[in-house]
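Student: Using the sequences plus the hints, can you model the full thing?
According to numbering that gives the first Met the number 0, the stretch in the sequence shown is residues 0 to 192, in order.
If you're looking for bench data, these hints aren't it; they were derived computationally from the structure.
One thing to keep in mind: the hints can contain errors.
Below, computed lysine-lysine pairings styled on DSS-like, alpha-carbon distance capped at 25 Å [to be verified]: (1) Lys174 - Lys100; (2) Lys141 - Lys127; (3) Lys174 - Lys118; (4) Lys25 - Lys137; (5) Lys52 - Lys127; (6) Lys155 - Lys118.
Ranges of calculated distance between the beta carbons of each label pair, as one might list FRET restraints [stated by the list, open to error]: (7) Ala9 - Ala179: 19 to 29 Å; (8) Asp83 - Ser26: 29 to 39 Å; (9) Tyr159 - Leu113: 11 to 21 Å; (10) Asp69 - Gly184: 20 to 30 Å.
Think of the CB as a built atom: it goes at the ideal place given N, C-alpha and C, for glycine as much as any other residue.
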Amino acid sequence: MPNHCYNTVAITSTAEDIEKIKGKLKSDISHFDFNTLVPMPPEIADTSMMGAKGEEFYYSQKEWHEYVQDRQDENIFGPIPDIDWVFDNAIDDFTLRRREKEHASCWWYDFACLHWGTKWNAYDIEYKQFVTPTKQTKIIYKFTTAWAEPRPVIEKLIQYLCQPEFSQDLDLRWKFEEEAEHFKGVITKDDEV
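Tutor: Structure representation (structure tokens):
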């Protein structure tokens, strides 16, 4: 179980800007999906790893689930395959090296740690939108991440919000705090991440 980091992302701008931003950050699975800013390639997202006998074996989660579905009558089930299945269905070394070269990682966990700064996407997401007393529109996202704030995601969001299509008055405040209060901070659109 990881230490949790609580994130609050407040963006204030014109109503038009906020609608664009909401559309950018939302996916089919979440209102704030890191994949919209730093996409995890599908082949990487599908790959898991199992260690055995001092070695690492990488496999396709989709292939495992298809195998389980095809053999429901044999009482084979579960999210994690046995090592014999993984050994027989391991992804070949050439493919793993290609992925490592293209994405600096060959499975979801390494990709997330490297490109998101945390092992999971945002979770426990809440958001609200309202008009401020100065007639600007504000959206506030609250969500949790594992370990720490997702610095690479914050950097990509700042790059996105600094595009000339957005109002010069756009304001971003990303506050974060680790659950045991070992660290906390605030990052704005003008900060170097």
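Student: Please list, smallest to largest, the hint numbers that this structure does not respect.
Tutor: 1, 5 and 10
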